[in-house]
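Start from chain A and add chain B with the ligand according to the hints.
Protein sequence lines, in the order shown, are assigned to chains A and B.
1 is the number of the first residue of the first sequence in the numbering used here; add one for each residue after it.
1 is the number of the first residue of the second sequence in the numbering used here; add one for each residue after it.
Just so you know, the hints here were simulated from the structure itself, not pulled from any lab data.
A portion of the hints provided could be inaccurate.
As the list claims (entries may be wrong) - Calculated cross-link-like contacts (lysine to aspartate or glutamate; reagent style DMTMM-like; alpha-carbon spacing at most 20 Å):
1) A/K439 - B/E9
2) B/K446 - B/D422
3) B/K179 - A/D186
Unchecked claim - From chain B, some residues computed to sit far from chain A (all C-beta separations above 12 Å):
4) L420
5) F443
6) T448
Stated by the list, open to error - Using C-beta positions, here's what the derived DEER-type ranges look like:
7) B/V183 - A/G240: 29 to 39 Å
8) B/A56 - A/G240: 41 to 51 Å
9) A/D312 - B/G47: 22 to 32 Å
10) B/S202 - A/P97: 42 to 52 Å
11) B/A56 - A/T459: 48 to 58 Å
12) A/V305 - B/G255: 42 to 52 Å
Just so you know, even glycine gets a beta-carbon here, dropped at the ideal spot from N, CA and C.
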Amino acid sequence: MRNTRDTQLLFELSKAGRRAVELPACDVPQEPIADLIPARLLATCDLPLPELTEPQLVRHYANLSTLNMSVDTHFYPLGSCTMKYNPKRNERLAALPGIVDLHPYQPDESLQGLLALLYGLQEMLSEIAGLDAVSLQPAAGAHGELTALMVAAAYFREQGERRTKILTPDSAHGTNPASASMCGFDAVTVNSTSAGFVDLEDLKQKLDDQVAVFMITNPNTLGLFDPYVRQIADLVHERGGLIYLDGANMNAILGVTRPGDFGTDMMHYNPHKTFSGPHGGGGPGAGPIAVTAQLEPYLPSPTIVKKGNGADACYQLDYDRPRSIGRVRSFFGNTGVLVRAYCYIMTHGPDGLRRVAENAVLNANYLLSRLQPLLPVPHGPRCAHEFVATALTLKQQRGVTAMDVVKRLLDFGYHAPTVYFPLTVKEAIMVEPTETESKETLDAFAETLRQIVDEPPETLHAAPLMTPVSRPDEVAAARKPVLRWREAEQPSQVEG
Amino acid sequence: MSYCYNTPEDQRQMLQAIGLDSLDALFDSIPAPLRMQRALDIPGAMGELELTAHLAQLAKRNASPSEKISFLGGGSYDHFVPAVVDYVSARGEFYTSYTPYQPEVSQGNLQAMFEYQTLICQLTGMEVANQSLYDGGSAAVEAVLMAMSVQRRQGRVVTAGSVHPEYRQIIETYFANLKTQLVTLETPQGTLPPATLEAALSDDTACVLVQQPNFFGCLEEVEQLAEITHRAGALLVVVTDPISLGILKRPGDYGADVVVGEGQCLGTPMQFGGPYLGIMACREKFVRRMPGRIAGQTVDRQGRRCWVLTLQTREQHIRREKATSNICTNQGLFALRASVYLAAMGPTGMREAARLCLQKARYAQAQLFASGRLEPVFAAPTFKEFVVRDRLADVDGLLADALQAGFLAGVPLGRWYPQLSDCLLVSVTEKRTQAQIDALAQFVAKTTPIKTVEHAKHA
Ligand SMILES: Cc1ncc(COP(=O)(O)O)c(C=O)c1O
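So that you can see chain A by itself, here it is in the shape it has in the complex (with noise of 0.2 Å):
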């Protein structure tokens, strides 16, 4: 049953007195404050935040958390973001006294088993990439670009070039251009074959001795392996260039083909989706870095160098990197979402990722061949782990869009795959099953589609139906932003 009342906003729910956390007191001499700071930098009251007790706070948000799809409760097939399983396991480990609890600045001798961990997943991240170096600072997938490309700019500063250009492909996801111009390039678009893959005559016509990068996602956002890769990286190569791997579908290829083979320079993993980590509701995530050894000495500072062997080794951070690029975050890392990718990676061992990729893959394709003939898939009639339909017929026969479907999936149960993305797709229905999910869900989700594509157009136009909300009106909050709440709930004053 819904609960409305303690799903009121905090501050519409706080009462002056209540409180939730009581501090011990304080068990020094103390002093007066005015002796320790001047008055002119000190508040001259107390902060404007609610007031809440402590089963208030529980039952709001335990309300709220109902009003949520999510992995642990629903199939959550949001193409590119591979929404797989959670293992709890995971979750007990990276809380364990001892990881969860360490400074970042304590002493390397006090973190040897911590760097141990992380030295070993630099390691395995290395060769599942089949590259030779790996950075384990970059916070998220599009941290990593950036910093890869940081790499790329100083390697060419280095080789006393400025090249000033990056290519992505136009099926690229949004962060590959935004990455790119944030490191002071010019993004340059290469257009895709109605194949999807890299239109090779477009890519040499804007192939010149500028081109720093050629970003590439493979498999690529359509779920498709580019054949051409190696020919690509050879193009670029040729000129010159580096090829950057945008690592996001590396859960299709796990232990049956390692960018580094396919002539890639540098690469990103997002192991909040390879690797299982838990989205958090928005992140975190993680975005450690692989790359060639002759790149390798502008990474990052710190990387985990091993000294010695056997019960004598050990493990620091080395600091002395005169060549790198500097750091891109503060302190060392995401280590949160790195030791669940350790936990993860060590739970599967070599078999087990391959088994990861063929069950993603498989999944996805036997979800394809249900769906084809509801929705055509452009690009079919076989895919990776993630496959892009579309509603273009849909739309031009009875007005039903590709929003219209996706929204109506919500009644049923399911969350929404990623839609109107990639860009080169008309009504695209992007759809990652992931390898966590059964035969059985897989025929219920394709069930449940028939039974969609004939609703008539007025229900799928008023979908959902069965929501707490339905279809919110993005334009008015675009056009007059609220953005926080408000004693006197004045609307704010950012004109549109």
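Relative to the frame of chain A, chain B with the ligand by itself:
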């Protein structure tokens, strides 16, 4: 072990349905020469029991601050985390969901985001907040980039040398590929002298970056700095310690234009540096230049109040190379934790925590200086951290001995400030007790030769 459902029989049926005769055939589209001809060379699979033992073994080889008494800070702190924070963030409906692209099935997350934005505004005194950046350091560089874009000034960014050295390194790293110059102002007395700032500003200075309390724990004369900055037509970007705002004036109340900070102290464990929470808040008029996700209030088709992701035309998935930032996955879970923390603490809890930090840090200073071996370095008022100089100039020895004796005594400053290579940054949170502080002071006293004590007395 795997988390797959498919039985061999399932696999057979599914392969048949798609017209393939083997799992290998699923990868036919990958050219044969590119396919691996061997298994990955990584350790063999471990069951849950073995893995648990393995991790326990690794954890045991670390000195956990739960066993050692920790005085480490420098941007990551051992503050108390109420259980209710863990409870809420562990709920699978929050924990295993993703960015709320579908508002109809994400109202829990969206409302929590809206509440977070409000709480951050209440905390900082600013008008709007975003839904998180990666950490305090990346929030600082994003703030600087945003200020450059708002001001349309690309020439220069001025930072106090007392801003977290890693934050400044991040900005330098980002700037290596841009045309902007980063000017770092020396802070020999521990804080930024207003006159030094005044002299460094130019017509093309986009913003000034200061930290309050700064990296040394000292309090800057922020009001003056704000005034000087604004007079030069630049924006003031302030790095704040959220816990300090239980007692210190809020950045919004002394003229900050953009506020960033490390939100780890608001209910997130230290976990060796991340994942943390990059806080960012600013003036409302800059919101369309802000990086990251933002939740906004609206109504649905039936007029029901609800929340959505808004102002998305700033973001990479719409604007691509013209986006305000490349950020996609953020630190949403820690924004949720910070919300629960702030709501649980309330105004009274925040005030109490800040006062406890202040008083205990003050007490620790007095006790440590009484040891004779350590002496004060800066005269400026401090909050929960302070710099001490080792009269024996043997910081490494002191730290190593302290570790042996059960203390993580402080952060050595030499790596970032060569002139402070005989100094430590000591941090004291509300969790430290008088007994623990006394124990550290006694330990330091014991390592102090009589001569040094005598000398200190006469100095
Ligand atoms: C194909 C692709 N590239 C890059 C990214 C960016 O990764 P992150 O969200 O971890 O920054 C994503 C995910 O969001 C993605 O799907």
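- Of the hints stated earlier, which fail here? No numbers; nothing is violated.
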